[in-house]
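Listed below, chain by chain, are the residues.
Protein chains: 2
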Amino acid sequence: MRVSSVLASWNDGATKRAVVEFVERTVSDAVPFEERVAVFDNDGTLWCEKPVPIQADFILRRLFEMAEADPQLRGRQPWKAAYERDYGWLGTVLSEHYEGDDTKVRTLLGGVLAAHAGIGVEDFEAQSDEFLRTVQHPTLGRGYLQCAYVPMVELLAYLEANGFTNYIASGGGRDFMRPITQEVYGIPRERVIGSATALEYASNDTGGTITRKAEADYLDDGPQKPIRIWSRTGRRPLLAAGNSNGDIPMLEFSHHADKPTLRLLVLHDDADREFDYTSGSAQALERADTNGWTVVSIKHDWAVVF
Amino acid sequence: MRVSSVLASWNDGATKRAVVEFVERTVSDAVPFEERVAVFDNDGTLWCEKPVPIQADFILRRLFEMAEADPQLRGRQPWKAAYERDYGWLGTVLSEHYEGDDTKVRTLLGGVLAAHAGIGVEDFEAQSDEFLRTVQHPTLGRGYLQCAYVPMVELLAYLEANGFTNYIASGGGRDFMRPITQEVYGIPRERVIGSATALEYASNDTGGTITRKAEADYLDDGPQKPIRIWSRTGRRPLLAAGNSNGDIPMLEFSHHADKPTLRLLVLHDDADREFDYTSGSAQALERADTNGWTVVSIKHDWAVVF
Numbered sequence: 001m002r003v004s005s006v007l008a009s010w011n012d013g014a015t016k017r018a019v020v021e022f023v024e025r026t027v028s029d030a031v032p033f034e035e036r037v038a039v040f041d042n043d044g045t046l047w048c049e050k051p052v053p054i055q056a057d058f059i060l061r062r063l064f065e066m067a068e069a070d071p072q073l074r075g076r077q078p079w080k081a082a083y084e085r086d087y088g089w090l091g092t093v094l095s096e097h098y099e100g101d102d103t104k105v106r107t108l109l110g111g112v113l114a115a116h117a118g119i120g121v122e123d124f125e126a127q128s129d130e131f132l133r134t135v136q137h138p139t140l141g142r143g144y145l146q147c148a149y150v151p152m153v154e155l156l157a158y159l160e161a162n163g164f165t166n167y168i169a170s171g172g173g174r175d176f177m178r179p180i181t182q183e184v185y186g187i188p189r190e191r192v193i194g195s196a197t198a199l200e201y202a203s204n205d206t207g208g209t210i211t212r213k214a215e216a217d218y219l220d221d222g223p224q225k226p227i228r229i230w231s232r233t234g235r236r237p238l239l240a241a242g243n244s245n246g247d248i249p250m251l252e253f254s255h256h257a258d259k260p261t262l263r264l265l266v267l268h269d270d271a272d273r274e275f276d277y278t279s280g281s282a283q284a285l286e287r288a289d290t291n292g293w294t295v296v297s298i299k300h301d302w303a304v305v306f
Numbered sequence: 001m002r003v004s005s006v007l008a009s010w011n012d013g014a015t016k017r018a019v020v021e022f023v024e025r026t027v028s029d030a031v032p033f034e035e036r037v038a039v040f041d042n043d044g045t046l047w048c049e050k051p052v053p054i055q056a057d058f059i060l061r062r063l064f065e066m067a068e069a070d071p072q073l074r075g076r077q078p079w080k081a082a083y084e085r086d087y088g089w090l091g092t093v094l095s096e097h098y099e100g101d102d103t104k105v106r107t108l109l110g111g112v113l114a115a116h117a118g119i120g121v122e123d124f125e126a127q128s129d130e131f132l133r134t135v136q137h138p139t140l141g142r143g144y145l146q147c148a149y150v151p152m153v154e155l156l157a158y159l160e161a162n163g164f165t166n167y168i169a170s171g172g173g174r175d176f177m178r179p180i181t182q183e184v185y186g187i188p189r190e191r192v193i194g195s196a197t198a199l200e201y202a203s204n205d206t207g208g209t210i211t212r213k214a215e216a217d218y219l220d221d222g223p224q225k226p227i228r229i230w231s232r233t234g235r236r237p238l239l240a241a242g243n244s245n246g247d248i249p250m251l252e253f254s255h256h257a258d259k260p261t262l263r264l265l266v267l268h269d270d271a272d273r274e275f276d277y278t279s280g281s282a283q284a285l286e287r288a289d290t291n292g293w294t295v296v297s298i299k300h301d302w303a304v305v306f
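Chains as they are written, first to last, in the numbering used here: chain A, 1 to 306; chain B, 1 to 306.
Be careful, since some hints might not be right.
No more than 30 Å apart at the CA atoms, straight line, and that leaves these computed lysine-lysine pairs for BS3-like [what the hints assert, rightly or not]: (1) A/Lys104 <-> A/Lys213; (2) A/Lys299 <-> A/Lys213; (3) A/Lys213 <-> A/Lys16; (4) B/Lys259 <-> B/Lys213; (5) B/Lys50 <-> B/Lys213; (6) A/Lys213 <-> B/Lys259; (7) A/Lys16 <-> A/Lys299; (8) B/Lys213 <-> A/Lys213; (9) A/Lys259 <-> B/Lys213.
Calculated directly from the structure, the hints in this document are not laboratory data.
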């Protein structure tokens with residue numbers, strides 16, 4: 001396979017060389033196919049996460065609907081922010097989270113869990129699917145399904161062509177992403193690892209139903225990422241790609257003393273074509289520097305973003 | 001593919017015909033490959049579970065070691081039963097569980113969770129792997145790895161040859177089975193769904209470690225089976241195979257109004273070649289009768305068992 005064509009949207013340079021050298025070494029070392037596991041964070045790594053993560057827009061619309069239907073909710077967070085379209089409050093949730101204060105995260109999470117409680121998993125997917133296929137990104141002038149990074153989609157295909165099995169290991173909701181990952185990333189639904197709500201099974205005459213409860217099963221972020229990757233795959237990945245502090249344990253875990261490994265950290269430094277921010281990724285960038293992880297500069301390493 | 005050769009250990013009759021007709025209909029209806037999902041319970045469905053489940057032997061040996069090292073444990077269940085090799089007490093755990101009384105299950109579970117608490121997941125697998133490759137079944141005169149049912153292994157291969165993806169959805173421990181499922185069943189480790197203990201990640205300079213905690217994450221039995229199948233695969237299976245009451249929700253969930261489906265229930269009715277028991281499966285057998293699920297009689301449907 002000619003690298004120039006498969007990674008066509010990557011500029012020549014040290015980053016692209018690191019990727020190609022890693023893949024070529026995996027092949028030349030004849031690492032068994034079943035060990036060629038690669039894991040990717042989703043928001044900010046495979047697709048855009050600004051001004052808010054795509055799933056946040058999905059949930060905010062649902063909270064808005066709930067507040068429209070029930071005026072009492074309009075005075076309570078997170079319904080208040082959703083109803084008033086107060087992105088400022090929502091922005092502070094993330095920034096305070098990255099600074100270690102999860103008070104607002106818990107408030108938000110209560111709303112997030114209530115937003116789709118009691119809905120069957122198949123109905124939830126149909127809602128997510130419709131949202132993702134119809135809604136436009138607020139500033140980029142493209143639909144959400146077109147917000148995946150073309151160079152990363154090329155990387156996924158390049159890895160697969162070289163015997164890798166790609167997984168998504170996202171802090172976002174597993175069931176939110178599943179309906180579109182095959183089409184957008186070539187990653188089938190069973191290889192989506194992500195945060196999950198607790199589920200409930202009820203028997204009936206037509207195959208039973210699984211519904212979402214108003215409680216989290218687990219939040220797939222930070223130290224949960226290696227745990228969930230192990231639980232799902234039973235392996236340590238060779239390659240891990242992320243963009244934020246929550247990805248540090250996953251990148252760290254993708255370590256082998258005796259096999260090629262690659263840790264990628266996407267740096268958002270391109271205000272013209274995407275966004276320019278390092279909030280939530282300062283520690284990860286430090287670790288990249290200390291440990292020799294490969295930083296992917298959107299501005300310098302990608303000829304095309306979308 | 002000639003059915004006579006792939007299902008060579010199945011006697012001709014209604015059961016074998018039901019299996020073949022289901023597979024041929026799936027193919028002739030051109031059900032998309034990604035929807036051809038089949039799930040199998042393990043203990044009593046893919047391999048022998050008597051006189052005690054194979055994993056119980058593994059755990060009892062560890063409890064015995066613990067009681068040898070610490071005399072105080074010898075007076076406490078389940079260490080007492082393990083130390084005195086009191087299979088009677090252990091038998092009542094299961095029989096009382098099937099009658100709805102889980103008092104002893106909780107006592108046993110406390111011991112089970114303590115038995116391997118604090119061990120790294122990779123070390124745990126190495127112990128399980130060694131046990132399964134070296135220990136003999138207590139009465140069948142064969143090693144544990146030779147306790148898989150040949151007709152079921154043939155069925156797995158027949159399904160795979162027809163585009164199915166097979167998963168194990170076991171009440172047994174996921175991490176206990178993983179080291180041997182590829183070799184014994186042709187099912188790779190990432191397609192093993194089973195009970196799981198809670199895990200903990202700790203950072204270090206060599207890729208971090210994941211260790212087992214002394215608490216369950218979930219017990220993959222009864223209504224948890226469809227939940228865990230959905231969580232892992234994002235699909236309703238076309239085929240489900242089990243042998244006990246704990247498999248009822250999984251069999252029920254494998255329902256499609258518009259696609260071929262097959263529900264198999266293995267009936268242990270062959271005291272000469274294996275074991276003869278229905279304890280723990282009475283309700284499942286009733287449901288098979290009511291709902292037209294296919295009962296697989298070991299005595300009548302299998303020409304060879306092991």
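- Query: When the hints from earlier in the document are held up against this structure, which numbers fail?
  - Reply: 2, 3 and 4
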